[in-house]
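Asks: Please construct the entire structure, taking both the sequences and the accompanying hints into account.
The listed protein sequences derive, respectively, from chains A and B.
Each residue of the first sequence is one higher than the one before, counting from 1 in the working numbering.
Each residue of the second sequence is one higher than the one before, counting from 164 in the working numbering.
None of these hints come from the bench; they were simulated from the model.
Treat the hints with care, as some may be off.
Using 30 Å as the maximum straight-line C-alpha spacing, the simulated DSS-like pairs for lysine-lysine come out as follows [stated by the list, open to error]: (1) B:Lys237 to A:Lys47; (2) B:Lys413 to B:Lys183; (3) B:Lys211 to A:Lys49; (4) B:Lys220 to A:Lys158; (5) A:Lys158 to B:Lys221.
Pulled a few chain B residues facing chain A out of the computed Cβ check, cut under 8 Å [as the list claims (entries may be wrong)]: (6) Glu208; (7) Ala308; (8) Leu355; (9) Gly528.
We treat Cβ as the ideally placed atom computed from N, Cα and C, and that holds for glycine.
Listed below, chain by chain, are the residues.
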Amino acid sequence: MFKGKAIKYGNNVDTDVIIPARYLNTSDAKELAAHCMEDIDKDFTSKVKTGDIMVAGKNFGCGSSREHAPLAIKTVGISCIIAETFARIFYRNSINIGLPILECTEAANDIDDGDDISIDVISGIITNNTKGKTYQATPFPAFMQEIISAQGLINYLKERTEA
Amino acid sequence: MGMTMTQKILAAHAGLKEVKAGQLVMANLDLVLGNDVTTPVAVNEFNKMGVKDVFDKKKIAIVPDHFSPNKDIKSAEQCKCIREFACEKGIENFFEVGQMGIEHALLPEKGLVVTGDVVIGADSHTCTYGALGAFSTGVGSTDMAAGMASGKCWFKIPEAIKFVLTGKMQKWVCGKDVILHIIGMIGVDGALYKSMEYTGSGVANLSIDDRFTISNMAIEAGAKNGIFEVDDVTLDYVKEHSTKTPVIFKADVDAEYCQVIEIDLSTIRPTVAFPHLPDNTRTIDEVGEVILDQVVIGSCTNGRIEDLRMAASIFKGKTVHPKIRTLIFPATQKIYLQALREGLIEIFIEAGIAVSTPTCGPCLGGHMGILAKGERALSTTNRNFVGRMGDPGSEVYLCSPAVAAASAITGKISSPEEVM
Chain A
1 MFKGKAIKYG
11 NNVDTDVIIP
21 ARYLNTSDAK
31 ELAAHCMEDI
41 DKDFTSKVKT
51 GDIMVAGKNF
61 GCGSSREHAP
71 LAIKTVGISC
81 IIAETFARIF
91 YRNSINIGLP
101 ILECTEAAND
111 IDDGDDISID
121 VISGIITNNT
131 KGKTYQATPF
141 PAFMQEIISA
151 QGLINYLKER
161 TEA
Chain B
164 MGMTMTQKIL
174 AAHAGLKEVK
184 AGQLVMANLD
194 LVLGNDVTTP
204 VAVNEFNKMG
214 VKDVFDKKKI
224 AIVPDHFSPN
234 KDIKSAEQCK
244 CIREFACEKG
254 IENFFEVGQM
264 GIEHALLPEK
274 GLVVTGDVVI
284 GADSHTCTYG
294 ALGAFSTGVG
304 STDMAAGMAS
314 GKCWFKIPEA
324 IKFVLTGKMQ
334 KWVCGKDVIL
344 HIIGMIGVDG
354 ALYKSMEYTG
364 SGVANLSIDD
374 RFTISNMAIE
384 AGAKNGIFEV
394 DDVTLDYVKE
404 HSTKTPVIFK
414 ADVDAEYCQV
424 IEIDLSTIRP
434 TVAFPHLPDN
444 TRTIDEVGEV
454 ILDQVVIGSC
464 TNGRIEDLRM
474 AASIFKGKTV
484 HPKIRTLIFP
494 ATQKIYLQAL
504 REGLIEIFIE
514 AGIAVSTPTC
524 GPCLGGHMGI
534 LAKGERALST
544 TNRNFVGRMG
554 DPGSEVYLCS
564 PAVAAASAIT
574 GKISSPEEVM
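Replies: Dropping the structure here:
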């Protein structure tokens with residue numbers, strides 16, 4: 001269960017603005033997080049609080065395959081991303097590093113910046129405490145849920161080889 | 164129910180007779196790719212797995228092409244990390260600066276990818292190899308790590324959009340105009356999670372370099388892959404470059420597509436994508452006056468020999484506009500050498516152009532041609548997002564090598580017809 005304030009963006013948020021390539025000469029998660037979203041929202045890192053929820057429109061995370069993008073978002077403290085749709089590599093990468101993401105058109109459209117949101121990732125139920133509404137996201141297939149619960153693909157594979 | 168080309172390739176690699184769109188499968192990989200930006204993260208994840216060896220030393224390719232030749236100390240550390248990993252694990256296909264090229268031009272040229280292969284790469288433009296009738300797609304570093312360890316990757320079987328191409332492109336129109344036209348038509352998420360499958364009598368009129376460019380930018384429509392039906396052009400290329408045996412997968416006659424789009428190649432005009440999305444396209448006749456500061460010709464999209472020939476045919480005997488910085492990046496050492504032998508490099512230098520060793524540098528705002536605030540570049544690369552080539556207040560316009568060359572001469576976005 002996650003609970004936090006919504007930070008809202010529009011359609012086609014690309015991985016170049018999530019973490020610009022000029023910072024990709026490192027894979028240090030904390031260093032990447034310090035520059036997260038700076039090309040479209042320079043106040044992001046100062047306003048984000050641990051547990052906050054990122055909300056966006058269509059095709060979130062389009063562009064480059066850089067895993068640095070979901071890594072920066074996760075490290076900066078975002079607990080979950082809700083969008084209408086995600087670009088496919090970003091979708092894979094988020095699951096693989098254990099960052100929960102949910103596709104839900106209704107929630108993506110209805111939630112306003114600053115709304116207080118609770119999320120049950122397993123059932124896919126999103127609650128907007130500010131507006132007193134709930135939305136149903138498509139829950140993950142069991143296989144992806146297991147990867148997220150294991151905190152990522154590497155742990156998931158390790159658990160299976162050790163078992 | 165019949166299967167698409169992509170579905171057939173994935174089914175064969177998952178050891179299944181039949182697959183359906185939406186099904187999750189575990190497929191065997193023929194090649195796993197990474198570069199100097201994505202591989203260090205993969206090395207870290209690989210080490211966490213506690214696996215000693217990679218699944219196959221011949222089936223991994225590591226190419227330091229993004230920030231190399233090393234642009235700064237941190238980039239040097241990243242290249243050192245992957246060089247040492249390749250050496251320690253005995254990875255055969257590590258390409259050092261001097262032999263290195265831009266990964267998606269290099270791998271087919273080295274014969275490492277052939278028709279029918281399944282390839283993942285920790286680089287979004289890995290979809291380029293669809294030009295050869297292979298299934299290839301971009302993934303992240305963790306998938307690369309798991310792929311290097313196990314030789315396998317999970318996929319959701321995609322549905323497909325079928326593009327039926329007819330006719331022949333006009334003079335000065337090339338594969339880049341075709342794909343910009345398509346992205347402009349369907350949008351940057353028009354093929355999200357899907358395959359783009361190219362077929363029809365018009366395919367025969369596209370060179371292999373045109374096809375590489377078209378497959379390369381499938382990701383710019385959100386697609387999982389962009390794949391061409393295999394013909395003699397494909398097989399001649401594979402035979403010339405590889406000792407591996409191509410395996411041809413043809414879509415079933417009753418394959419199901421979520422959409423069928425017919426395109427007459429003869430109707431396509433030179434096309435330009437305006438900032439800040441690749442689907443913000445206009446034909447050359449609609450661009451108006453756009454004054455430029457920099458022109459870039461190169462990248463995994465358009466740094467191949469035909470691209471350089473097309474540019475040289477326009478630059479020959481002319482000089483670039485005095486206010487324009489023009490940069491040309493042959494995509495591989497082999498292409499560079501061929502361009503040198505054909506006299507293309509001489510034409511470029513005499514025209515006042517800086518010619519560089521292969522690197523992804525300027526395409527992603529890494530190094531070698533960064534833009535200042537308010538500056539505007541016209542580029543044969545693949546993305547024009549905010550800040551892609553430098554300051555968030557700069558602009559990138561995308562086009563073909565022919566439009567780029569003509570515009571470098573006039574100083575503003577121009578049709579090749581204006582200068583020829």
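Asks: Need the status of pair B:Lys237, A:Lys47: alpha-carbon distance at most 30 Å?
Replies: holds (29 Å)
Asks: Hold the hint about B:Leu355 up to the distance rule: shortest CB distance to chain A must be less than 8 Å.
Replies: The hint holds - B:Leu355 has a Cβ within 8 Å of chain A, the shortest such distance being about 6 Å.
Asks: Given the hint that A:Lys158 pairs with B:Lys221, test it: the Cα-Cα distance must not exceed 30 Å.
Replies: Holds, at roughly 24 Å.
Asks: If you take the shortest Cβ to Cβ gap from B:Ala308 to chain A, is it below 8 Å?
Replies: Holds - the Cβ of B:Ala308 comes within 8 Å of chain A, reaching about 7 Å at its closest.
Asks: Has the given pair, B:Lys211 with A:Lys49, been kept, meaning a C-alpha gap of at most 30 Å?
Replies: Roughly 29 Å separates the two Cα atoms, so the pair holds.
Asks: Holds or violated: B:Lys220 with A:Lys158, Cα cutoff 30 Å?
Replies: holds (22 Å)
Asks: Identify whether the interface hint at B:Gly528 stands, where standing means a beta carbon of chain A within less than 8 Å of its own.
Replies: Where the cut-off is 8 Å and the nearest Cβ of chain A is about 5 Å from B:Gly528, the hint holds.
Asks: Next pair to validate is B:Lys413 with B:Lys183; report whether the Cα-Cα distance is within 30 Å.
Replies: Roughly 16 Å between the alpha carbons, so the hint for B:Lys413 and B:Lys183 holds.
Asks: Hint check: is the beta carbon of B:Glu208 less than 8 Å from a beta carbon of chain A?
Replies: Since chain A brings a Cβ to about 5 Å from B:Glu208, closer than 8 Å, the hint holds.
The structure is consistent with each of the numbered hints, conforming to all of them.
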